[in-house]
Each structure stands twice: as structure tokens, then as C-alpha cells.
Amino acid sequence: MDIELSAEQRLAQEEFRDFAQAEIAPFADQYDRDEALPSALIKKMGAAGYLGAVVPSEYGGRNMGAIEFGLLCEEIGRSSASVISLLTVQGMVCQALARWGSAAQKEQWLPRLASGEKMAAFGLTEPNIGSDASNVETAAVEGEEGFILNGHKQWISCGQLADVFLIIAQCEGKPSAFLVERECPGFSVEPITGMLGFRSAMLAKLHMEDCAIPLENLVGRVGFGFSHVAGAALDHGRYCVGWGCLGLAEACIDAALDYAGTRKQFGAPLKNHQLIQQMLAEMITNTKATRLLCYHSGFLKEKGDPALIMETSITKYFASRSVAKIADDTLQIHGANGCSSEYPVQRYLRDAKIMEIIEGSTQIQQIIIAKSGLMEHALERRRARKRQAQNA
Amino acid sequence: MADEKVVAKIREILAQFAAEDVEQDQDIFATGLVNSLFAMQLVLSLEGEFNFEVADEDLDINNFNSVNALVGFVEKKTSA
Numbered sequence: 216m217d218i219e220l221s222a223e224q225r226l227a228q229e230e231f232r233d234f235a236q237a238e239i240a241p242f243a244d245q246y247d248r249d250e251a252l253p254s255a256l257i258k259k260m261g262a263a264g265y266l267g268a269v270v271p272s273e274y275g276g277r278n279m280g281a282i283e284f285g286l287l288c289e290e291i292g293r294s295s296a297s298v299i300s301l302l303t304v305q306g307m308v309c310q311a312l313a314r315w316g317s318a319a320q321k322e323q324w325l326p327r328l329a330s331g332e333k334m335a336a337f338g339l340t341e342p343n344i345g346s347d348a349s350n351v352e353t354a355a356v357e358g359e360e361g362f363i364l365n366g367h368k369q370w371i372s373c374g375q376l377a378d379v380f381l382i383i384a385q386c387e388g389k390p391s392a393f394l395v396e397r398e399c400p401g402f403s404v405e406p407i408t409g410m411l412g413f414r415s416a417m418l419a420k421l422h423m424e425d426c427a428i429p430l431e432n433l434v435g436r437v438g439f440g441f442s443h444v445a446g447a448a449l450d451h452g453r454y455c456v457g458w459g460c461l462g463l464a465e466a467c468i469d470a471a472l473d474y475a476g477t478r479k480q481f482g483a484p485l486k487n488h489q490l491i492q493q494m495l496a497e498m499i500t501n502t503k504a505t506r507l508l509c510y511h512s513g514f515l516k517e518k519g520d521p522a523l524i525m526e527t528s529i530t531k532y533f534a535s536r537s538v539a540k541i542a543d544d545t546l547q548i549h550g551a552n553g554c555s556s557e558y559p560v561q562r563y564l565r566d567a568k569i570m571e572i573i574e575g576s577t578q579i580q581q582i583i584i585a586k587s588g589l590m591e592h593a594l595e596r597r598r599a600r601k602r603q604a605q606n607a
Numbered sequence: 057m058a059d060e061k062v063v064a065k066i067r068e069i070l071a072q073f074a075a076e077d078v079e080q081d082q083d084i085f086a087t088g089l090v091n092s093l094f095a096m097q098l099v100l101s102l103e104g105e106f107n108f109e110v111a112d113e114d115l116d117i118n119n120f121n122s123v124n125a126l127v128g129f130v131e132k133k134t135s136a
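Chains A and B, in that order, are what the protein sequence lines are. Per the numbering used here, the very first residue in the first sequence carries number 216; after that it's consecutive. Per the numbering used here, the very first residue in the second sequence carries number 57; after that it's consecutive.
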């Protein structure tokens, strides 16, 4: 694996950094207070091609490589976790459609999602269903002319502004995926406010009451909505979150190093105190480790290597756990100042906590990773025994 | 008779992501051997190993739920 960025990737990184520093970073705290993202920002992101970052060029997307897209997520994440959320869910729906959508669905939606003309959100989580995601309670009944959906979704990122939703519902008792447009009769959106973090990600509850959608709004096939359609979307989501956590960690480190370099106590800058140095060393090292995991995930994605699925899970797990600790230490270094809205570090900590919960909680990732490791270990042992027997 | 090389490759894929010792006709999904990531791991493995794309119209459980089913699916896609 070549861990040096190419010249093109470096140029792209500069472009993303310049955009984020000019258009997002100066306003992120205000967005957090307002609990909203302005449409002007979304238009700019659309014009820059960021909303269609992973959409194939034949549908008007930028068709970024995995590493380049990761760099975009990193730079956006450095400025605002809420804006990463927007990029994530738009990309999740795009990815699901690009992978499993019909030709008609791709033609209808991908160009409009790529440009930002239409915004999307991913509707999986429900009031009673979080980690147990394949057992959603929302139901879809097939009739002659279409499906009728009934149920509720909760904690839907960008639900307040999305035009189209990818909804996972049980059809004939099997998880299935459907496109539901905002204007659909029987479909309503209820804003959620007062969240701990991701405050400007404009979360919503979704309510479906005899919501009728055409047959052609089924994505993939009945029974494959969670395993394949949501599977493709969630892998993309984990990847975005991993890189977004990298960016957030770097924002924390910048803040910590700045503060430690200027704030003086006991006659010396904080940076001279060893217990502060310990926290700085931990955050720097863990961020470097996060970066390598992100790069490796991107490398495997670009090859289409099936190992990318588990690697992305590991990356999301490590990146989100690390940034939660990094943000905590960053605030600790800032002391009471860190608890004030005059500094962004309290926002970093609040957003970092959310990263441990979304796209598969820390505990779910731990279960998946441990089981995968045990299986690999058992397989390796059996293969080693076979080789020994053959060589004997 | 199924191409033995295809059977071997399928078994190798399943061993990596699900389990090594499955019967030819054993329902992989019903055994509880697979987790939520398996579907995409299987799709990517089949595409990489046999050089075809799994499309939305291929989403039929009868294409994926056993070694025999997977062999039949691969042979159908690679002879097309």
C-alpha cells in the first residue's frame, strides 16, 4: 500500500481544505447554535460537486476515488461534524442507488442528488429499533398499484431538509428498501431539536401513515433491503464517519496545541507540563493511527477488495473511540474555557460522542470485529494444520 | 456436474466470511453463521473472483443461500 498521496490527491485536498476553511469553519459554531445549516452552503457544496462526490460521472457526479473522497470527509469533518453528516447521508443514498437501483431510479435520482437539486436522507432507525436494525417495525404492504407504508423513523440526519428518503421497512416480513418522496401523502417530518451533538444536522422524526408509493420505488428486491441496500449504504456511512472523525481529531489537536502553547499556569505555558504533554502525545499518536486505518480502508475500497467491509468497520470503531477521548482531553486541557461557548472544543466533544453511536455503535462494532477475528483465527489454525500434515 | 474449481472458490469465500464446513445444500443464512456484513462481503468476493457484476435483478435468495445455489449463480453469470 502506497501511503503517500498522489499529486492529484494533494491538489484535491487543498481544494477541500480551502472550501471548508472559507465556507464552513468560520460559521460552524453559529450553525450549532441555530441548529440548522443554511441552504446557501448546501448550494455551494452542490456546485463544488461534493454532494455527488461518489456518484458516477455518467450521472453528473464527480466519481471521486475512495482516498480523494476520504480527504473531502476529513476536511469537512475538521470544520463541522454536522456538515459531515449531510455529506454522509447524501452519499449513503447515492451509493445505495448506484449499487442496487434500477436503471430508471438511477436516471431519475442520481443526477439530481449529485447536483444538490434534491437532498436525501437514510431512514433506518426507529423509536424502538436502533442496533437491532434488521428488525425494523415500519411495514410495507404490496398492492396492485404500489406499496402502502406505515411506521415511524427517528434520529434521521438531515431529515428536516431531505426531498427523498431511503426507507427500510418490512415487506412480507422481510426487510426491504423504498424511496419515499417528501410530498408523498401520508408522509410527514417532525424536526428534532436539543440534541447533544450534531446539532445543525437537522435531525427529524418521520411518520408514515398509509403512505402510498409506486411499485417502482422499491430499491433492489423484497428481502434484500437491509442485507444489500442498507449494507451498501452503511458501509459508505462508516467510511465517511471514519474520515470525518480523523478531521475532527485534527481540529481538536490544533485547538489543544494552540491553547497549550499560549495559556500559562505556574509561570509556564501548559505545553511544558508533563501531564499535558501526555495528553498531547496520546492524541497525536492515535490520530496518526486513525489516518493509517482510513488510508488502508480507502486503498481496499479502490481495489474492490471484500476485506474493505471489515476494515471500514474497524476504522470507524477506532476513529470514533479515539476522537471521543481526544475531544475529552482537548476540553480538559482548556479547562473551564473549554466548557464555554466561546471556544469550539465543547462542540467537538459533543459531536465526538455522537460519532460513537451512529453508523453502528461502538459496541456493535466490537461484537462484529471480535467475531470476525475469531473466525479468521480458527481458519488460519486449520490451514496451518493442513500444511503441517501435507509437509509431514 | 459443477466445475470443481468453482466449488472450491465458493467454499474458500464462505470459509473467509462465514464458515468452513458447510454442506453443499445447507442454508447459509438460516444457520446463523453470517453477520450483517456478510451480504456485501459475498457480493464483492464473487465479483472479484469471477469477474462479473452482481446486479439488482440478481437479488434472489435462491442465488445465494447455499454452496450449490452460489455455484449455479456463478455458472449462470459467467456463461452469459
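Because the hints were derived from the structure by calculation, they are not lab data. Warning: the hint list may mix true and false statements.
Away from chain B, derived, C-beta distances all over 12 Å, residues of chain A [claimed, not checked]:
no.	residue
1	314
2	494
3	520
Here are the computed lysine to any residue pairs in the SDA-like style, where the Cα-Cα straight-line distance is at most 20 Å [said to hold, decoys possible]:
no.	chain 1	residue 1	chain 2	residue 2
4	A	420	A	376
5	A	586	B	74
6	A	586	B	59
7	A	420	A	437
8	B	65	A	522
9	A	586	B	133
10	A	389	B	77
11	B	65	A	389
12	B	61	A	369
13	A	601	B	67
14	A	389	B	116
15	A	568	A	555
16	A	389	A	411
17	B	65	B	77
18	B	133	B	59
19	A	601	B	65
20	A	321	B	59
21	B	65	A	358
22	A	518	B	94
23	A	389	B	92
24	A	420	A	369
25	A	389	B	133
With beta-carbon atoms standing in for the labels, derived distance ranges [to be verified]:
no.	chain 1	residue 1	chain 2	residue 2	range
26	A	593	B	60	52 to 62 Å
27	A	520	B	76	14 to 24 Å
28	A	354	B	81	40 to 50 Å
29	B	59	A	497	28 to 38 Å
Beta carbons: idealized from backbone N, C-alpha and C, even for Gly.
Between residue 59 of chain B and residue 497 of chain A, does the C-beta distance stay in 28 to 38 Å?
-> 53 Å, violated
message = Holds or violated: residue 420 of chain A and residue 369 of chain A, Cα atoms, limit 20 Å.
response = Between residue 420 of chain A and residue 369 of chain A the Cα gap is close to 4 Å, so the pair holds against 20 Å.
Under the criterion that the straight-line Cα-Cα distance not exceed 20 Å, is the pair residue 389 of chain A, residue 92 of chain B satisfied? Given that 20 Å is the threshold and the Cα spacing comes to 14 Å, the pair holds.
* Below or equal to 20 Å on CA atoms is what counts here, so check residue 586 of chain A against residue 59 of chain B. => 32 Å, violated
Holds or violated: residue 321 of chain A to residue 59 of chain B, with C-alpha atoms at most 20 Å apart: Distance ~36 Å between residue 321 of chain A and residue 59 of chain B Cα, so the pair is violated.
*asked:* Check the hint pairing residue 568 of chain A with residue 555 of chain A against an upper bound of 20 Å on the C-alpha distance.
replied: Status holds; Cα separation ~18 Å.
Worksheet item: If you check the beta carbons of residue 354 of chain A and residue 81 of chain B, does the distance land in 40 to 50 Å?
Response: 32 Å, violated
_Pair hint outcome, residue 65 of chain B versus residue 389 of chain A [Cα-Cα no greater than 20 Å]_ = Between residue 65 of chain B and residue 389 of chain A the Cα gap is close to 29 Å, so the pair fails against 20 Å, i.e. violated.
Hinted pair residue 601 of chain A and residue 67 of chain B, Cα distance within 20 Å: 16 Å, holds
Do the alpha carbons of residue 389 of chain A and residue 116 of chain B lie within 20 Å of each other, as the hint requires? 13 Å, holds
Check: Within a Cα-Cα threshold of 20 Å, do residue 389 of chain A and residue 133 of chain B meet the stated pairing?
Finding: Since the Cα atoms of residue 389 of chain A and residue 133 of chain B sit roughly 26 Å apart, the hinted pair is violated (cutoff 20 Å).
query: Does the claim that residue 314 of chain A lies off the interface hold, with its Cβ farther than 12 Å from every Cβ of chain B?
result: Incorrect as stated: the minimum Cβ-Cβ distance to chain B is 8 Å, not above 12 Å.
Of the hints listed earlier, those the structure fails to meet are numbers 1, 3, 6, 7, 9, 10, 11, 12, 16, 20, 21, 25, 26, 28, 29, in rising order.
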